[in-house]
Amino acid sequence: MLRHYAIVPAAGSGSRFGGETPKQYQSLAGRPLIYYSLAALCRCQRVDRVWVVLSPDDRWWRQYDWTSLGHKLESVYCGGGSRSESVANGLRAAATAAHDDDWVLVHDAARPCLSQASLLALCDELADDPVGGILAVPVADTLKRADWQRRVARTESRDGLWQAQTPQMFRYGLLKRVLAEHPDGTDEASAVEAAGLSPRLVRGDASNFKVTYPADLLLAEQILQGKTRVDQ
Numbered sequence: 022m023l024r025h026y027a028i029v030p031a032a033g034s035g036s037r038f039g040g041e042t043p044k045q046y047q048s049l050a051g052r053p054l055i056y057y058s059l060a061a062l063c064r065c066q067r068v069d070r071v072w073v074v075l076s077p078d079d080r081w082w083r084q085y086d087w088t089s090l091g092h093k094l095e096s097v098y099c100g101g102g103s104r105s106e107s108v109a110n111g112l113r114a115a116a117t118a119a120h121d122d123d124w125v126l127v128h129d130a131a132r133p134c135l136s137q138a139s140l141l142a143l144c145d146e147l148a149d150d151p152v153g154g155i156l157a158v159p160v161a162d163t164l165k166r167a168d169w170q171r172r173v174a175r176t177e178s179r180d181g182l183w184q185a186q187t188p189q190m191f192r193y194g195l196l197k198r199v200l201a202e203h204p205d206g207t208d209e210a211s212a213v214e215a216a217g218l219s220p221r222l223v224r225g226d227a228s229n230f231k232v233t234y235p236a237d238l239l240l241a242e243q244i245l246q247g248k249t250r251v252d253q
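For what it's worth, my numbering labels the leading residue of the sequence shown as 22, then goes sequentially.
For the record, the hints were derived by calculation from the structure and aren't laboratory data. As the structure is a computational prediction, the values presented were derived from the model and not from experiment. Mixed in with the good hints, there may be bad ones.
The calculated SDA-like cross-link candidates involving lysine to any residue, where the alpha carbons are at most 20 angstroms apart (straight line), are [to be verified]:
{"#": "1", "residue 1": "Lys197", "residue 2": "Leu182"}
{"#": "2", "residue 1": "Lys231", "residue 2": "Ile244"}
{"#": "3", "residue 1": "Lys197", "residue 2": "Arg166"}
{"#": "4", "residue 1": "Lys93", "residue 2": "Ala114"}
{"#": "5", "residue 1": "Lys197", "residue 2": "Gly51"}
{"#": "6", "residue 1": "Lys231", "residue 2": "His120"}
{"#": "7", "residue 1": "Lys197", "residue 2": "Asp150"}
{"#": "8", "residue 1": "Lys93", "residue 2": "His120"}
{"#": "9", "residue 1": "Lys231", "residue 2": "Gly33"}
{"#": "10", "residue 1": "Lys93", "residue 2": "Thr163"}
{"#": "11", "residue 1": "Lys165", "residue 2": "Leu182"}
{"#": "12", "residue 1": "Lys231", "residue 2": "Ser103"}
{"#": "13", "residue 1": "Lys197", "residue 2": "Asp208"}
{"#": "14", "residue 1": "Lys197", "residue 2": "Ile244"}
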């Protein structure tokens with residue numbers, strides 16, 4: 022029976038966020054930001070194990086107690102200089118458990134509001150897909166192309182445009198191969214696309230946004246509070 026594994030690359034510094042503490046360890050509702058991404062994956066019954074890929078010189082992880090997340094979580098200090106390198110190193114760490122046809126879900130450390138409904142939809146809709154796919158939402162805002170003076174050059178059509186999210190879910194063997202062949206993509210799907218394949222888009226939820234700037238923490242906290250009230 023095929024298994025589902027998760028990898029959370031968390032070796033970056035979050036330079037756009039600012040400050041000495043990496044973004045993934047910024048406080049959100051009394052816990053480090055990364056906690057919520059890990060908790061969503063560990064709570065999902067479909068996910069068998071979760072690897073969090075840390076920088077070799079990470080000095081923050083051990084300052085927290087992660088035992089509440091249970092036995093699925095495993096930390097590995099093999100993060101690289103880029104997202105794709107960290108994911109590739111995480112795949113190597115997972116080689117002791119994963120087989121080529123097993124599914125791997127790669128999720129951002131800074132997407133704390135991932136819902137169980139979206140996770141299950143991703144697993145269900147891609148169960149028999151030959152390629153795999155990603156959570157995404159259709160682009161709703163009007164898009165403007167800027168010129169070199171940061172003035173509007175033209176309005177871009179948003180027809181058919183989707184905003185990529187995570188998790189991004191592909192077979193273990195396929196993902197390992199395409200990341201080795203195409204390491205310069207901005208996400209796993211772009212490496213799969215570069216290999217000539219077309220990932221499937223699974224409609225997600227706009228609340229599954231990526232925390233990028235300090236002001237985003239307040240919005241994330243409000244969303245998490247709302248989810249808690251619904252779950253109670």
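Going through the hints against the structure:
For the suggested pair Lys197 and Leu182, the alpha carbons sit about 27 angstroms apart, so the restraint of at most 20 angstroms is broken. With a C-alpha separation of about 13 angstroms, the suggested pairing of Lys231 with Ile244 holds against the 20 angstroms cut-off. Between Lys197 and Arg166, the direct Cα distance comes to roughly 35 angstroms. Violation of the 20 angstroms bound is thereby established for this hinted pair. Under the criterion of a C-alpha separation no larger than 20 angstroms, the hint pairing Lys93 with Ala114 is consistent with the structure, at around 14 angstroms.
Restraint check for Lys197 and Gly51: the C-alpha separation of about 36 angstroms exceeds 20 angstroms, so the hint is violated. Taking the CA atoms of Lys231 and His120, the gap is about 30 angstroms. The hint is violated against a cut of 20 angstroms. Between Lys197 and Asp150 the alpha-carbon distance is near 18 angstroms, which keeps this suggested pair within the 20 angstroms criterion. Restraint check for Lys93 and His120: satisfied, since their Cα atoms lie roughly 17 angstroms apart, inside the 20 angstroms limit.
Taking the CA atoms of Lys231 and Gly33, the gap is about 14 angstroms. The hint holds against a cut of 20 angstroms. About 42 angstroms separates the Cα atoms of Lys93 and Thr163, which puts this hinted pair outside 20 angstroms; it is violated. Restraint check for Lys165 and Leu182: the C-alpha separation of about 13 angstroms stays at or below 20 angstroms, so the hint holds. Our distance criterion of 20 angstroms between C-alpha atoms is met by Lys231 and Ser103, whose separation comes to about 17 angstroms.
For the hint linking Lys197 to Asp208, the alpha-carbon distance of about 13 angstroms falls within 20 angstroms, and the restraint holds. With a C-alpha separation of about 34 angstroms, the suggested pair Lys197 and Ile244 falls outside the 20 angstroms cut-off, and the hint is violated.
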